[in-house]
Amino acid sequence: MIDGGALAGATVRRRLLVWVPIFGAVAFLAIIGAPLIGTTPIRLDRVFDRSLPFADNVDAQIFFIARLPRALAGALVGATLAAAGVVFQALLRNPLATPFTLGVSAGSALGAMLAITFRLHLSFWGVSAVTAASFIGSIGAVAIVYALARARHRGFSTNVLLLAGVTLNSFFSALILFVQYLADSSEAMRTMRWLMGDLDVAGFGPIVASLPLCAAALVAFAWLPRALNLLSLDADAAASRGVNVLRVQRVAFFSASMATGAAVSLGGPIGFIGIIVPHLVRLIVGADHRVVLPASALFGAAFLVACDVLARTAMAPVEVPVGIITALIGGPFFLWLLVRQR
Amino acid sequence: MLRADNLTFVHGGAPKPTPGVVSPNTTDNRSGSACQALPGVQGVSLSVERGSVVGLLGPNGSGKTTLLRLLAGMLEPASGTVSLDGRPIAKMDARARARRIAVVPQETHLAFDYTVLEIALMGRYPHLGVFELEGPRDVQIARDALAATGTSALERRLFATLSGGEKQRVVIASALAQQADILLLDEPTASLDVGYQFEIANLLGRLNKARGLTIVVATHDLNFAAGLCQSLVLVSEGRVVNAGPTNDTLTSLNIQALYGVVADVYPHHAAGHLTVVPLRKVNRD
Amino acid sequence: MTRADRGSGFGIRDSGGPLAATALLVALCLPAPAIAMAQPSQPPPRRIVSLVPSVTETLFAMGAGSRVAAVSSYDNFPPDVEALPRVGALFDPDVERILSLRPDLVIVYGSQTDLIARLGRASVPLYVYRHGSLADVTTGIRDLGARIGMADAARTLAATVDTAFADIRARLKGASRPRTMLVIGREPGSLRAINVSGGFGFLHDLLDLAGGANVFGDVKRESMLVSTETVLARKPDVIIELHYSEPPLPEALTRDRATWQQLPGVPAVKAGRVYLLYGGELVVPGPRVVLTAQTFARALHPDLMPWGR
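Residue numbers (the working numbering), protein chains in the order written: chain A, 1 to 342; chain B, 1001 to 1285; chain C, 2001 to 2309.
So that you can see chain A by itself, here it is in the shape it has in the complex:
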């Protein structure tokens, strides 16, 4: 786009009032529509038929156990990954950054691999061992990357952060391969499965367990956008306009990393959402983070829910892992993005 166009003239207020409701409606329709779509036809009247005991009502079970949690999990994970992607891109001042660039998902994956291969049994709060272990893994990765980024400067160097994250990614990937090598076939199958993303949570427990962290991240994401605008110009430009650069960088890093950790623990490392959605949204609403962040979260939710519907219906009864669907859509889109660069 050579010209900002008519859009550029519109103030932030107007853009917010136009786009947030639009994307919100899209997300809402996706969430309530997804449970209605599937290879097994169900009837809404039977779903909500109270006279039938739940244990006998297959339609209700399909709706409330199989499909609705999936839709909600998809919305939560999609919104979180998209929003985290926006924040990381601003923090690292690079539109190619993803929520996985700094090694959070590698830490998560390592935790999950260890839990699967060594058959750890530490589930609590309705959260399985794998989910718990992968979350602990993500915390570990965040701690390591942050420690490395601080080691050289008393402050916070985004260059060092990037290097630390990339290094950690490589190192953890090697560890993951090693753990997979040690695993026997059924475990290897499960590790592969986990890595490809799976939103079939079959219950509200894991979703509820992720909510506190996602809510905290949401609060941070509400405070960040304007500072992110300035930060994405230049750290100096931001500082000279009164931004507390260090605080903003820390809040951005931790909130986006922990949110990513929660999302990956819930649904596995589902790729491309954190980069396609922000780019698409920027094409539509412009670059101002105050609009991009909420719009991306809403669009990310809708996008992942739609991908998941595709994942469970495309080759029924075989499940296609949702990460494959996002990759199949995201890969070509990404190539197109690179090609159209001015």
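The set of hints was computed from the structure by calculation and includes no laboratory data.
There may be inaccurate statements among the hints.
One-sided and incomplete, this derived list gives chain A residues near chain C with beta-carbon spacing under 10 Å [said to hold, decoys possible]: (1) ASP56; (2) ASN57; (3) ILE65; (4) ILE116; (5) ARG119; (6) VAL130; (7) ALA147; (8) SER173; (9) ASP184; (10) SER186; (11) TRP194; (12) ASP200; (13) ARG312; (14) VAL320.
Please read these numbers as outputs of a predicted model, since none were measured by experiment.
We treat Cβ as the ideally placed atom computed from N, Cα and C, and that holds for glycine.
For chain A, the structure is supplied; the task is to place chains B and C on it using the hints.
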């Protein structure tokens, strides 16, 4: 009214310990600065009067940029203070400081496709509350700033598509939108051709005369400084070696001492100010 | 009520669970079964190195155990193999070790192409094992017997297997076939990553023999991942879950089994017919498939099958 007293700053984050004095930790917000053997700035004192145009001259690596950032409050000195109207700026809230002092950096690289108006509006940040959105007044101020720098027509263009001179003027407009009374510029003409150099010089001169804007500009373009600045501060290896009105400070002797270049300095009657013509290089000792 | 204890209640110990399962996985990726041809003109091998646990079991069952010089890292059935040297496994065969034992027959997987090439260069006789359907188990036993010069013993063993199968079929003749879901993998403690046997392959054949109707029999795949929705939609009357290790403590077992309570509408869950089976023999396509078949049959038709042999 902007004063620096005995400033010392060391790159690399570790301040030189001064016995008996508790020095604040330096925070280097720039990424990747290498640890230099020389101190960034040492024992620098200067003062800038309200409404004046001051040039910081010095060779590359002399500490001009560091000094500028210290004056803006973007760096904390290892020792010494910077004060504004008698108040130390370290004690000021960052946004309050941004309402008084604006900085125009040497280059601006955008990661995302912001429009010119969005860039100008970013200058309003110090004036807005935490969740406050820009109102019509803010938009008007931003537009006025664009008008002052002659970039109104570019309002809807994407910043990345502008020419060098246009970009620099937009960034200056963004700084003007802060409604600060002090403008610090770091090498504003470094990557501009002579046409744009004139534009910027004229613009800054106009802003100073019309609005009484106090301007401090770090540059190594001697003729630019000669035409624009009323007084100069000569900086070398982190120290002030000379300071005073331009006519007194910009001499062949001082230039030779600073740059190792033999130059002819004389008032050019058509230009209306001192002109420097470099002749040859001398080996520095 | 679980049948977990029965699965390993015959003194059958865990046998090469990990590797056998790996072998199963690898074999599942291979195309049509093709068993190596016998070479009757050679003298019968007396120093056999076996990298394939199911073949090791077959050798011992035929009475050729004394001729086995070394086994894979994951072999542990029968107990006699404990004393034997190990030469690696499917992914990491120790070629030097194998050669140092001067074998006159090495039993390898068809996918170990590198190993096959190297042993071929060293002129070591090979028997290439390829996995197939249930019928290939007995064919394989006979082929192996011919290869090592114990055709009669092999025939007897194969006949035992066939007889046992025929016995099961006879007992279950005319019985209704409960719709069964055969789960070959699942994330412990949750219903994620449910891996089931499709309508193709060795496990499906065993289920079919044992008088069950695979609810995913229409899908021509050896294994596939299914969602909870699919499970609800297919409504199996029986769920059989396979685990390739020792059974855990009873409390853990009950807890794991209770995971299925998340889907109360599934007929199998309502009727309490969820069976968790433990044992390494469950994935070894060797002579002990008989045990597996009997265990399946006992789960599906408790009234038609005896407890003991």
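Status of the ILE65 (chain A) interface restraint (C-beta, 10 Å, chain C) | Holds, because the Cβ-Cβ distance from ILE65 (chain A) to chain C comes to roughly 6 Å (cut-off 10 Å).
Grab the minimum C-beta distance from ALA147 (chain A) to chain C and call the hint holds if it beats 10 Å, violated otherwise.
-> violated, 32 Å
Holds or violated: is the Cβ of VAL320 (chain A) closer than 10 Å to a Cβ in chain C?
-> holds, 9 Å
Chain C contact restraint for TRP194 (chain A) - C-beta distance below 10 Å | Holds - the Cβ of TRP194 (chain A) comes within 10 Å of chain C, reaching about 7 Å at its closest.
Would you check whether SER186 (chain A) satisfies its interface hint, that is, whether its CB is within less than 10 Å of any CB in chain C?
-> holds, 5 Å
Restraint check, 10 Å cut-off on beta carbons, for ARG119 (chain A) near chain C | holds, 7 Å
Classify the hint on ASN57 (chain A) as holds or violated, based on whether any CB of chain C lies nearer than 10 Å to its CB.
-> holds, 7 Å
Interface hint status, ARG312 (chain A) versus chain C (Cβ within 10 Å) | holds, 6 Å
Any CB of chain C closer than 10 Å to the CB of SER173 (chain A)?
-> violated, 19 Å
Using 10 Å as the Cβ threshold, decide whether ASP200 (chain A) counts as touching chain C.
-> holds, 5 Å
Hint check: is the beta carbon of ASP56 (chain A) less than 10 Å from a beta carbon of chain C?
-> This hint holds: ASP56 (chain A) lies near chain C, its Cβ roughly 7 Å from the closest one there, short of 10 Å.
For the hint on ASP184 (chain A), does the least C-beta distance to chain C fall short of 10 Å?
-> Because about 3 Å separates ASP184 (chain A) from the closest Cβ in chain C, which is inside the 10 Å limit, the hint holds.
The structure is inconsistent with the numbered hints 7, 8, although it conforms to all the rest.
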